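Participant: The chain contents come next:
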Amino acid sequence: MNIQFSQESMSEINKVIGHFPPIRKKSALLPVLHIVQKESGWLSPEVMDKVAEILEIKPIEVYEVATFYSMYHTKPVGKHVIEVCQTGPCMICGADKTIAYIETKLGIKVGETTADGLFTLKTVECLGACGYAPMFQIGEQYYENLTEEKIDDIIRQLSSNANNI
Amino acid sequence: MGRKLLLENIEKPDINTIDGYLKYGGYRSLDKVLKGMSPDEVTEEVKTSGLRGRGGAGFSTGLKWTFIDKSTDKPRYLLCNADESEPGTFKDRLLMEKNPHLLIEGMILSSYALGCNTAYIYIRGEYMFILHILERAIQEAYAKGFLGQNINGSGFNLDLYVHPGAGAYICGEETALIESLEGKRGNPRIKPPFPAVSGLWDCPTIVNNVESIAAVVPIIMMGGAEYAKIGIGRSTGTKLISASGNINNPGVYEIEMGVPVEEFIYSDEYCGGIKGGLDIKACVPGGSSVPILPKSLLFKESNGSPRLMTYESLSEGGFQTGSMLGSGGFIVYDKQQCIVRNTWNFARFYHHESCGQCSPCREGTGWMERVLHNIEYGHGKEEDIDLLWDIQRRIEGNTICPLGDAAAWPVAAAIRHFRHEFEYHVKYPHRVKDADHVYQPEMKYQTV
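Residue numbers (the working numbering), protein chains in the order written: chain A, 3 to 167; chain B, 32 to 479.
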């Protein structure tokens, strides 16, 4: 399969490549994977092969990086990935309850995706929001000092946005 | 009220724009440097200031700068470590989010001192929303001529870029950060050679924490000697403390080094006491890696004098009775918190974040996590406590990078100071599932 990234993604990719000396194109790998994951939703082997071609490196150099860093999805995920911080300070401020509440609300367990493909629930390690716990991240957005009401609102809003498209 | 050097204007709504930053006195340190200071004079001021690495290691920033290899004609690089991932630490985020130009000005000053013409801010991927803030601020700085070619007519050139990581605690270790910036897995390198000699693309490289680089701005403005007057002894200047856990006022506080720990926890100016008026059980004063201190050791040094928020006072007594200032990730535990559960939680974190290069860390962190999980969930045996001690002892000091130590220390300190809680879990497995022990969902154990 011959993947083509959008013009917008390609111009972002070229901008990032420009941050480095021409013989150091590989340095752009992490940001480039973010860009293509945003467009494709996840990093399929075909997407990673295309990245290797663009950066003039071997596919294995992309695979080993994609599987090392926790932000890259090497399997399909829902439209919104809810990443709940479960590390120390969040735990003592109620992360376990937050996770249990979302599991019940969405009817899925950690690691699963809702049947409509809208939400994936994940637990992650410290996101640097310890003073504003409990918290989760969806996309680029941090949601902090969570309460059950806040979680209801966020999920309602994201669900209704999806219906409008 | 202590002096505020980094957070002075943090609440001003327009401080995140270049016009706002200029209005509150921004880029004056740059002006001062470009008009009349040599790179070596800048380095000398930073050395005089006594500034120590704010990422956690506490090594003299100015001294680190003097290690940069000037004997080669290879380009030199300055990398800002904005990978802030140490559990309990969220201070750099505040600086970058609210006052991005402070970091940018610090990067220009530091690059000038080191003779770097290209610099990168390596920011953790989860902070992508802050990356956008920094990029916008960098564009503003280019437009004003503070970045790019011939900055303010000085002949000094600097290009500054922001680079995202992608979720890996290990990339806060400086050689792993360099590997990651080269587009590889974040596997730490064996030192020597140190980055100052052979770092990014084998070129001389300095890696400094966000807060350290930001601190260069007030240091240049007030002079290193003035800065060194703040604080106590070898702990000079101000420090950002990220306060979290069971306290009334969690958040980021800038303190003059030397505030008593007791005051920091109970004063309304800072943490405002323990939530719900409960008693305090313990505190991790410098991020998850540093030893946890029980209440009995937290407020006083061994000679009875008050324990202070300084590098020296927090580590007084070594690991037997002390801890470390570390990154300033200050986590407070009330009397209801379960130390075993917290230790298991941290062990899971380190297991998840181990890069896998060194077997003591790769295997040991997972082993500790499983043993701790067993104890926490009522399946532990008496001998497991000694086993845990043995595992952590064999990890510490036997790995390429300090992640192994960071994983071992919290386990060692928890057993050292709270052995009775471990024994309680082993003796009364049915009781540790009580609701007032700590909230515990029934969960099937899965290793990560």
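Derived from the structure by calculation, the hints contain no laboratory data. Be aware that one or more of the hints could be misleading.
In silico PhoX-like cross-links for lysine-lysine, where the CA-CA straight-line distance does not exceed 20 Å [what the hints assert, rightly or not]:
1) A:LYS60 <-> B:LYS215
2) A:LYS27 <-> B:LYS215
3) A:LYS99 <-> B:LYS306
4) B:LYS54 <-> B:LYS175
5) B:LYS366 <-> A:LYS27
6) A:LYS52 <-> B:LYS366
7) B:LYS366 <-> B:LYS412
Pairwise CB distance ranges (calculated) [unchecked claim]:
8) A:LYS60 <-> B:GLN170: 28 to 36 Å
9) B:PHE160 <-> A:THR106: 22 to 30 Å
10) A:GLU55 <-> B:HIS163: 25 to 33 Å
11) A:GLU146 <-> B:HIS163: 13 to 21 Å
12) A:ARG158 <-> B:ASN181: 52 to 60 Å
13) A:GLY43 <-> B:PRO460: 54 to 62 Å
14) B:GLU294 <-> A:GLU114: 42 to 50 Å
15) A:GLU146 <-> B:ASP45: 39 to 47 Å
16) A:LYS99 <-> B:HIS410: 22 to 30 Å
17) A:ASN16 <-> B:ARG401: 42 to 50 Å
18) A:GLU114 <-> B:GLU413: 55 to 63 Å
19) B:ASN148 <-> A:GLU142: 56 to 64 Å
20) B:PHE160 <-> A:LYS17: 15 to 23 Å
Just so you know, these numbers come straight off a predicted model, no measurement behind them. The beta carbon of each residue, even a glycine, is placed where N, CA and C say it ideally should be.
Participant: Work down the list of hints and note, for each, if the structure agrees.
Facilitator: Checked hints:
1. At most 20 Å may separate the alpha-carbon atoms for a hinted pair to count; LYS60 (chain A) and LYS215 (chain B) meet this at roughly 12 Å.
2. At roughly 12 Å between alpha-carbon atoms, LYS27 (chain A) and LYS215 (chain B) fall within 20 Å of each other, so this suggested pair holds.
3. Of the supplied pair hints, the one linking LYS99 (chain A) and LYS306 (chain B) holds, its CA atoms being roughly 18 Å apart against a limit of 20 Å.
4. For the hint pairing LYS54 (chain B) with LYS175 (chain B), the CA-to-CA distance comes to about 14 Å; that is within 20 Å, so the pair holds.
5. With a C-alpha separation of about 53 Å, the suggested pairing of LYS366 (chain B) with LYS27 (chain A) is violated against the 20 Å cut-off.
6. With a C-alpha separation of about 54 Å, the suggested pairing of LYS52 (chain A) with LYS366 (chain B) is violated against the 20 Å cut-off.
7. Between the alpha carbons of LYS366 (chain B) and LYS412 (chain B) the distance comes to roughly 25 Å, so the proposed pair goes past 20 Å and is violated.
8. Between LYS60 (chain A) and GLN170 (chain B) the beta carbon distance is about 35 Å. The supplied range of 28 to 36 Å therefore holds.
9. A hinted range of 22 to 30 Å for the beta carbons of PHE160 (chain B) and THR106 (chain A) is consistent with their spacing of about 29 Å.
10. The given range of 25 to 33 Å is respected by GLU55 (chain A) and HIS163 (chain B), whose C-beta atoms sit roughly 28 Å from each other.
11. For the pair GLU146 (chain A) and HIS163 (chain B), the beta carbons lie near 18 Å from each other, so the given range of 13 to 21 Å is met.
12. At roughly 54 Å, the beta-carbon separation of ARG158 (chain A) and ASN181 (chain B) lies within the given 52 to 60 Å, and the hint holds.
13. The given range of 54 to 62 Å is broken by GLY43 (chain A) and PRO460 (chain B), whose C-beta atoms sit roughly 44 Å from each other.
14. Between GLU294 (chain B) and GLU114 (chain A) the beta carbons are some 47 Å apart, a value that agrees with the proposed interval 42 to 50 Å.
15. At about 23 Å, the CB distance of GLU146 (chain A) to ASP45 (chain B) disagrees with the hint of 39 to 47 Å.
16. Between LYS99 (chain A) and HIS410 (chain B) the C-beta distance comes to about 23 Å, which sits within the given range of 22 to 30 Å.
17. Between ASN16 (chain A) and ARG401 (chain B) the C-beta distance comes to about 46 Å, which sits within the given range of 42 to 50 Å.
18. Remark: the range hint 55 to 63 Å for GLU114 (chain A) to GLU413 (chain B) is contradicted by a beta-carbon distance near 38 Å.
19. At about 31 Å, the CB distance of ASN148 (chain B) to GLU142 (chain A) disagrees with the hint of 56 to 64 Å.
20. Taking the beta carbon of each, PHE160 (chain B) and LYS17 (chain A) are about 18 Å apart, inside 15 to 23 Å as hinted.
Of the numbered hints given earlier, the model fails hints 5, 6, 7, 13, 15, 18 and 19; all others are met.
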